[in-house]
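Model the full structure from these sequences, guided by the hints.
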Amino acid sequence: MNESKFSNISDRLPLQNFEAEEAILGGILLDPEAISRVAELLQPESFAFEPHKIIYRSTLTLHFQGKPTDLMTVATWLADQNLLEKVGGQLKLTQLVESTVSAVNIDQYGLLVLDKQVRRRLVNAGNTIIELAYDTSQDLETVLDKAEQQIFNISQVRPQQDLVSIGETLIDTFQEIEDRNEGISLPGIPCGFYDLDAMTGGFQRSDLIIIAGRPSMGKCLSFDSKIVLSDGSFVTIEDIYNRQKAQILTLKNNWKFKITEPSDFIDDGIKPVFRVTTKLGRFVESTLTHPFLTIQGWRPLGELKPGDKIAVPRQLNCFGTEKLPEYQVKILGYLLGDGGLTNINRISFKDSPESTPPTPPYQGGAKRDNYRIKQDFVESIQQFIENKPEISPPLTNGRVRDGLVIWLEKIGLWGKNSHQKNIPEIIFKLERSQIALFLNRLFATDGWATILASSQCQLGYVSVSEELVRQVQHLLLRFGIIATLKKRSIKYKESRRTAWQLDITDALSIKTFISEIGIFSKEETLLKIEQALMNKRYQTNRDLIPIEIWQEIATVKGDESWQNLAKRAGIPGYSNIHVGKRQLSRERLWTLATALDNLPLQQLATSEIYWDEIVSIEFVGEKQVYDLT
Numbered sequence: 071m072n073e074s075k076f077s078n079i080s081d082r083l084p085l086q087n088f089e090a091e092e093a094i095l096g097g098i099l100l101d102p103e104a105i106s107r108v109a110e111l112l113q114p115e116s117f118a119f120e121p122h123k124i125i126y127r128s129t130l131t132l133h134f135q136g137k138p139t140d141l142m143t144v145a146t147w148l149a150d151q152n153l154l155e156k157v158g159g160q161l162k163l164t165q166l167v168e169s170t171v172s173a174v175n176i177d178q179y180g181l182l183v184l185d186k187q188v189r190r191r192l193v194n195a196g197n198t199i200i201e202l203a204y205d206t207s208q209d210l211e212t213v214l215d216k217a218e219q220q221i222f223n224i225s226q227v228r229p230q231q232d233l234v235s236i237g238e239t240l241i242d243t244f245q246e247i248e249d250r251n252e253g254i255s256l257p258g259i260p261c262g263f264y265d266l267d268a269m270t271g272g273f274q275r276s277d278l279i280i281i282a283g284r285p286s287m288g289k290c291l292s293f294d295s296k297i298v299l300s301d302g303s304f305v306t307i308e309d310i311y312n313r314q315k316a317q318i319l320t321l322k323n324n325w326k327f328k329i330t331e332p333s334d335f336i337d338d339g340i341k342p343v344f345r346v347t348t349k350l351g352r353f354v355e356s357t358l359t360h361p362f363l364t365i366q367g368w369r370p371l372g373e374l375k376p377g378d379k380i381a382v383p384r385q386l387n388c389f390g391t392e393k394l395p396e397y398q399v400k401i402l403g404y405l406l407g408d409g410g411l412t413n414i415n416r417i418s419f420k421d422s423p424e425s426t427p428p429t430p431p432y433q434g435g436a437k438r439d440n441y442r443i444k445q446d447f448v449e450s451i452q453q454f455i456e457n458k459p460e461i462s463p464p465l466t467n468g469r470v471r472d473g474l475v476i477w478l479e480k481i482g483l484w485g486k487n488s489h490q491k492n493i494p495e496i497i498f499k500l501e502r503s504q505i506a507l508f509l510n511r512l513f514a515t516d517g518w519a520t521i522l523a524s525s526q527c528q529l530g531y532v533s534v535s536e537e538l539v540r541q542v543q544h545l546l547l548r549f550g551i552i553a554t555l556k557k558r559s560i561k562y563k564e565s566r567r568t569a570w571q572l573d574i575t576d577a578l579s580i581k582t583f584i585s586e587i588g589i590f591s592k593e594e595t596l597l598k599i600e601q602a603l604m605n606k607r608y609q610t611n612r613d614l615i616p617i618e619i620w621q622e623i624a625t626v627k628g629d630e631s632w633q634n635l636a637k638r639a640g641i642p643g644y645s646n647i648h649v650g651k652r653q654l655s656r657e658r659l660w661t662l663a664t665a666l667d668n669l670p671l672q673q674l675a676t677s678e679i680y681w682d683e684i685v686s687i688e689f690v691g692e693k694q695v696y697d698l699t
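Per this note's numbering, the very first residue in the sequence shown carries number 71; after that it's consecutive.
In case anyone wonders, no lab produced these hints; they're calculated from the structure.
Heads up, some of the hints might be wrong.
Said to hold, decoys possible - Have a look at the derived ranges for each label pair, beta carbon to beta carbon:
#	residue 1	residue 2	range
1	561	181	58 to 68 angstroms
2	689	368	21 to 31 angstroms
3	372	306	20 to 30 angstroms
4	646	669	19 to 29 angstroms
5	487	345	21 to 31 angstroms
Claimed, not checked - Derived DSS-like pairs (lysine-lysine); straight-line CA-CA distance at most 25 angstroms:
#	residue 1	residue 2
6	557	486
7	693	375
8	557	375
9	557	296
10	349	651
11	296	486
12	499	328
Owing to the predicted nature of the structure, the values given are computational and were not obtained by experimental measurement.
For every residue, glycine included, the Cβ atom is placed at its ideal position computed from N, Cα and C.
In structure tokens:
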């Protein structure tokens with residue numbers, strides 16, 4: 071480097087990418103899944119601007135605590151830590167959201183920010199090496215070693231795949247040696263079946279292990295059990311068996327779901343089947359040998375009883391990539407929520423709410439309509455209805471059927487009454503934003519949002535179609551929204567009829583619903599609910615870890631007293647934390663697990679599992695069942 075180049079280095083602009091940093095933060099605030107895509111790639115120090123470091127650190131903290139990273143939650147956390155003004159206040163966070171279109175490219179933005187961080191480190195290392203070179207008090211060998219160390223440290227910023235700290239490895243190794251010495255650990259590799267491990271002492275490296283058993287001894291589900299696929303489609307296990315190919319969600323050891331492919335598809339014939347119904351109103355039909363996950367491991371249905379808690383998904387992050395014209399998504403939401411689809415004369419749009427701008431400063435969670443008067447929606451529907459086929463038009467009572475009816479027939483909805491209607495297959499394969507739009511308009515018909523006299527906030531939906539309501543419960547689950555399904559009797563004219571009702575009462579689920587979905591024409595009420603929730607501390611009496619987890623915590627803590635552990639964890643009232651008497655919230659388990667520095671307990675606290683209580687196990691007859699292995 072010549073002298074002129076060297077002298078101009080200090081005049082150059084700093085190595086930073088302000089726009090990429092803002093795009094990452096905006097994406098995290100917009101998309102609840104975005105943080106998981108950059109959490110392992112970027113650290114707070116990766117950001118060049120101090121406010122960005124603080125905001126990113128807050129989202130990481132919330133993410134590892136299993137909390138959402140939306141605008142309201144992050145703003146509340148920063149305010150509680152007296153950091154909101156340091157980052158530029160609520161205005162800064164709002165600007166991040168408004169300037170970000172989506173989080174689809176957040177991975178690439180992360181690489182851009184990481185690139186600048188590495189280059190900044192390289193510049194700092196270069197300056198340090200220059201100072202070392204001028205320091206003649208040190209011998210050359212020492213200077214070269216220190217210079218080499220400076221360069222080596224730069225590479226540590228970049229993520230090292232498949233590498234672990236030697237400290238972690240030594241701790242695990244010494245713990246295993248100690249456990250074997252005390253007779254706690256097996257000398258071989260445990261298989262997970264305790265009786266078999268007791269007989270074999272665990273599998274040895276030189277063993278040839280052959281496991282045989284009848285297919286019917288495995289996990290058998292009723293032929294009509296619904297399973298979500300990676301493309302968002304919602305199909306029966308019989309459909310999957312017939313295809314002999316599928317990508318489905320499976321639960322991994324870290325309590326997270328991952329897309330995998332079954333290795334085999336087995337027809338187990340006709341077997342006695344039992345319906346397991348949980349407190350959330352979900353159900354599954356299986357054989358008595360089908361395993362269910364409990365806090366103490368996998369147990370067959372034959373060993374379970376009402377009152378036991380089993381693991382069910384708290385979120386199914388499966389969305390498709392297909393798109394429909396926006397007006398078609400909206401009209402499906404309206405029509406499915408408005409009685410049956412049996413009468414051609416019933417379909418009309420008068421004084422459409424789409425022609426009225428919303429009152430509050432946002433619309434339907436996803437902010438799609440930008441408060442504009444949607445006259446184009448009404449015009450699109452009118453053109454759709456008036457569209458006539460040009461060749462051989464089908465007739466109904468001598469009349470040419472309109473384009474809307476033909477389309478409803480094509481997707482399997484036309485002719486269904488209010489008890490028979492269901493969500494068509496195409497909806498399940500739509501992208502995330504369009505499913506949110508569909509639910510937004512569906513809830514605008516038979517949904518509600520209210521603050522009860524007890525100050526409890528509640529969202530809900532009701533229909534006489536059980537299938538429709540269960541499908542809505544499933545779609546909400548894709549956003550991580552927990553809804554309870556109830557069967558109730560409602561008054562209809564001079565009689566009563568059975569209806570199915572969804573209740574959303576969990577504060578985090580309500581916040582997610584408002585942020586991602588919303589309810590068209592009920593925005594003012596949602597704004598009041600949002601403000602009410604901001605003034606309340608989050609508490610739950612349902613989303614809890616089974617009480618048996620205290621035994622695992624006791625094993626991990628060893629001889630340390632409960633009082634000292636609670637004090638170290640910073641738990642108020644640490645002298646009595648109700649050990650073994652009360653179920654733990656996910657947040658409390660995270661606090662204790664962090665104090666114990668125990669990764670398995672931390673993973674359980676941030677799992678994608680909801681511990682649901684079995685309320686009934688009923689024999690429903692003999693049915694065709696299938697295995698997926």
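To see whether the hints hold, each was checked on the structure:
no., hint, verdict
1, 561 to 181: 58 to 68 angstroms, "holds (60 angstroms)"
2, 689 to 368: 21 to 31 angstroms, "holds (22 angstroms)"
3, 372 to 306: 20 to 30 angstroms, "holds (24 angstroms)"
4, 646 to 669: 19 to 29 angstroms, "holds (28 angstroms)"
5, 487 to 345: 21 to 31 angstroms, "holds (26 angstroms)"
6, 557 to 486, "holds (21 angstroms)"
7, 693 to 375, "holds (22 angstroms)"
8, 557 to 375, "holds (22 angstroms)"
9, 557 to 296, "holds (20 angstroms)"
10, 349 to 651, "holds (21 angstroms)"
11, 296 to 486, "holds (21 angstroms)"
12, 499 to 328, "holds (18 angstroms)"
The structure is consistent with each of the numbered hints, conforming to all of them.
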